Amino acid sequence: AAGVIQSPRHLIKEKRETATLKCYPIPRHDTVYWYQQGPGQDPQFLISFYEKMQSDKGSIPDRFSAQQFSDYHSELNMSSLELGDSALYFCASSRGLLLNTGELFFGEGSRLTVL
Amino acid sequence: EDQVTQSPEALRLQEGESSSLNCSYTVSGLRGLFWYRQDPGKGPEFLFTLYSAGEEKEKERLKATLTKKESFLHITAPKPEDSATYLCAVQDSGGYQKVTFGTGTKLQVIP
Numbered sequence: 002a003a004g005v006i007q008s009p010r011h012l013i014k015e016k017r018e019t020a021t022l023k024c025y026p027i028p029r030h031d032t033v034y035w036y037q038q039g040p041g042q043d044p045q046f047l048i049s050f051y052e053k054m055q056s057d058k059g060s061i062p063d064r065f066s067a068q069q070f071s072d073y074h075s076e077l078n079m080s081s082l083e084l085g086d087s088a089l090y091f092c093a094s095s096r097g098l099l100l101n102t103g104e105l106f107f108g109e110g111s112r113l114t115v116l
Numbered sequence: 002e003d004q005v006t007q008s009p010e011a012l013r014l015q016e017g018e019s020s021s022l023n024c025s026y027t028v029s030g031l032r033g034l035f036w037y038r039q040d041p042g043k044g045p046e047f048l049f050t051l052y053s054a055g056e057e058k059e060k061e062r063l064k065a066t067l068t069k070k071e072s073f074l075h076i077t078a079p080k081p082e083d084s085a086t087y088l089c090a091v092q093d094s095g096g097y098q099k100v101t102f103g104t105g106t107k108l109q110v111i112p
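As they're listed, the protein sequences go chains A and B. All residue numbers for the first sequence refer to this note's numbering, where the first residue is 2 and numbers rise by one. All residue numbers for the second sequence refer to this note's numbering, where the first residue is 2 and numbers rise by one.
There's no promise every hint is true.
To give an idea of the chain A side of the interface with chain B (calculated C-beta under 7 Å), a few residues [unchecked claim]:
no., residue
1, 46
2, 59
3, 70
4, 91
5, 110
Okay, derived cross-link-like pairs now, DMTMM-like style, lysine to aspartate or glutamate, Cα gap no bigger than 20 Å in a straight line [to be verified]:
no., chain 1, residue 1, chain 2, residue 2
6, B, 99, A, 31
7, B, 43, A, 52
8, B, 99, A, 52
9, A, 58, B, 93
10, B, 43, A, 104
11, B, 60, A, 104
12, B, 64, A, 104
13, B, 99, A, 57
Hints are computed from structural coordinates only; laboratory data are not their basis. Remember, it's a predicted structure, so these values are computed and weren't measured experimentally. Glycine is no exception: its CB is placed at the ideal position from the N, C-alpha and C atoms.
Could you put together the complete structure from these sequences and hints?
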């Protein structure tokens, strides 16, 4: 079965550079979520989209922006990168605005390293 | 603000030694409490959703229960392949989709 696809899987950037992460949800899933997970930490909710509109916002820095496109894929843009941005970035998808089953389908993650 | 606290942080069990993981939560209104399993370097994998106090869900050697303030994940006769980090998460009924995770319990099952 098709899963959530994230790219790139690994990314190395210098401080103050810009990075873009992409997420392709499971077919027919219209809702996308972005999470940031530091080493040994819990996933922190950044932002979510439903039907191409931002639906909820968490601890996303102002330096980050995201959007969901007409084909439901999403991109997380990160500018002025800082060392503390080094983390695993997970994308998850679900179908519908309300989580009827609570099941988020997570991708394998994109590991960002800022040097 | 929603809070999720899990204990213990780490748990080491012998194969076949049953135990329970705890998840305490604070939300203004609970839409759902979720359990996920996460292997190193992988995305969390969904296990259960619980919606109301008294509810129980089972899957193989795992059983999740819910009260008004906490949830337990009971592991019966664990096997080495059950070794993983188990994450508890909640969704507040006041929000749309934000799911708040706890820091997890890292379980190691020794043969």
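Hint-by-hint comparison with the structure:
1. 46: It holds, given that the least Cβ distance between residue 46 of chain A and chain B is near 5 Å, below 7 Å.
2. 59: holds, 6 Å
3. 70: violated, 18 Å
4. 91: With Cβ-Cβ at 5 Å, under 7 Å, it holds.
5. 110: holds, 6 Å
6. B:99 <-> A:31: holds, 15 Å
7. B:43 <-> A:52: Roughly 26 Å separates the two Cα atoms, so the pair is violated.
8. B:99 <-> A:52: holds, 16 Å
9. A:58 <-> B:93: holds, 13 Å
10. B:43 <-> A:104: holds, 16 Å
11. B:60 <-> A:104: OK: residue 60 of chain B and residue 104 of chain A at ~15 Å, within 20 Å.
12. B:64 <-> A:104: The hint holds at about 17 Å.
13. B:99 <-> A:57: At roughly 6 Å apart (the allowed maximum being 20 Å), residue 57 of chain A and residue 99 of chain B satisfy the hint.
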